[in-house]
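Q: One letter stands for each residue in the lines below.
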Amino acid sequence: MRDIIIIGSGPAGFTAAIYAARAELKPLLIASSVEIGGELMNTTEVENFPGFPEGIMGPDLMGKLQAQAERFGTEVVYDDVVSLDIDGPVKRVTLGNGETHEAAALIYATGSAYRKLGLPEEEVLSGHGLSWCATCDGFFFRQKTIAVVGGGDSAMEEATFLTRFADKVYVIHRRDSLKASKIMQQRAADNEKIEFVWNSEVAAIQGETAVTGVTLRDTVTGEERLLELDGLFVAIGNDPRTHLVHGKLDLTAEGTIWVDGRTSKTSLPGVFAAGDVIDPHYRQAITAAGSGTVAALDAEHYLAAQGNVHAAEALLENEFVSVD
Amino acid sequence: MSARAVNEATFEQEVLNNEKAVLVDFWAEWCGPCRAVSPILDQIATEHADKLDIVKINVDENPQLAMKYQITAIPAFKVFEKGEVVKTVIGAKPKPALEADLAAYIS
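Residue numbers (my numbering), protein chains in the order written: chain A, 1 to 324; chain B, 1 to 107.
Keep in mind the hints are simulated off the structure, nothing from the lab.
Treat the hints with caution; some may be incorrect.
What the hints assert, rightly or not - Simulated restraints, written as ranges between beta carbons of each label pair:
no., chain 1, residue 1, chain 2, residue 2, range
1, B, E19, A, P53, 52 to 60 Å
2, B, P96, A, E123, 18 to 26 Å
3, B, N18, A, Y114, 45 to 53 Å
4, B, K20, A, T219, 47 to 55 Å
5, A, E45, B, P63, 19 to 27 Å
6, A, D250, B, D42, 19 to 27 Å
7, A, E224, B, P63, 51 to 59 Å
8, A, I286, B, Q70, 51 to 59 Å
9, A, E195, B, W30, 21 to 29 Å
All C-beta atoms in this analysis are idealised placements derived from N, C-alpha and C, irrespective of residue type, glycine included.
One chain only, chain A, in its complex shape (with noise of 0.2 Å):
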């Protein structure tokens, strides 16, 4: 059996590798199959990391804390987890090749997953002119005209970045003002190619085998207009990804892991999470780095108190005093 096993390879995931391992702890990672550094692997340049004042683009960071995970001997598995086994003292965490590994702690840092718009024709249409993934897919629409839907610091972020490639982009929002950013907001709206359509919300898809344009109801009217369109980014925000521990862990109101107070403590012994799936609010690369250290220095004093030898020299060096 291993002490530590980490879900999730995002920020969060290899910061508390980075600790675990520099524990040694001998950190196993489980990275997923197609989704291996996470959200930041499907966005360009990261202007607001700590200690990149050029900025650096977020696989090159994503590489990076990986590297720097392994350095220190995290082993890295690329599968995705099927069921999780945490009830217990010895956490079991099987994976899509069959495995199963065991571990006297785990962190769980799986992130969030794009929201939906949740219209019966988004399964058709998706990879047809309606994408999650601006920097994926923006490329394919060089002089066309699209829109992006949302008001986040995501949205200005990808409908900034197509106007490298669309002649027109619309940015389209159900309320009247945004809760992007003020930079974000204000470099949207200095480009000339960004338009954008307020108080309005995507009522239906058009298009039989590819996006044609949208259905937008007003929000205040109720009025319905078609707006015609080449291609449809959704940046409507997120959902943390707790499918597989409904029914294990405690959740919150908004659907994250609960934790307590400031701690990563779940409402399990010896399960800790950290990042985007306990946070609500914050979201941020930094944060979540942040997060993840919290995680394995919680993870390091339960290891401790259980007996465990490298824990307890890591605490030691760290001056980690428990918030028990």
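Got chain A; can you put chain B on it based on the hints?
A: This is chain B only, laid out in the frame that chain A set:
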């Protein structure tokens, strides 16, 4: 075995005139999910080499092919049989999901 690159010059011979079924992986350097799924395709290519050829087309270098096959999202996988597209799968997926999508061509 890693999937070999095909371009506009070799496409007809390698894909359209291929005796076997061919899966074409439309991808690009800057596409994170494309890079993530690449080792999975290599595994499938190795395990099913007798039934299915797997080749890659870089959409940056071969825009005409991307346009011809109406690629608007990558990674996009198109299976060709006797020169015709018989199956399209879009997006990076875990190996079991991809194998399920491709069952008709690999089992």
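Q: Does each hint fit the structure? Answer for all of them.
A: Quick rundown of the hints versus the structure:
At roughly 56 Å, the beta carbons of E19 of chain B and P53 of chain A sit within the given window of 52 to 60 Å. At about 20 Å, the beta-carbon gap between P96 of chain B and E123 of chain A stays in the expected band of 18 to 26 Å. For the pair N18 of chain B and Y114 of chain A, the beta carbons lie near 36 Å from each other, so the given range of 45 to 53 Å is not met. Distance hint for K20 of chain B and T219 of chain A: a CB-CB separation of about 53 Å, consistent with the stated range 47 to 55 Å.
A hinted range of 19 to 27 Å for the beta carbons of E45 of chain A and P63 of chain B is consistent with their spacing of about 24 Å. Look at D250 of chain A against D42 of chain B: about 41 Å separates their beta carbons, and that is not inside 19 to 27 Å. The beta-carbon spacing between E224 of chain A and P63 of chain B, approximately 37 Å, falls outside the hinted interval of 51 to 59 Å. Range check, I286 of chain A to Q70 of chain B: Cβ separation about 40 Å, and the 51 to 59 Å hint is violated.
Our hint of 21 to 29 Å for E195 of chain A and W30 of chain B holds, since their Cβ atoms are close to 26 Å apart.
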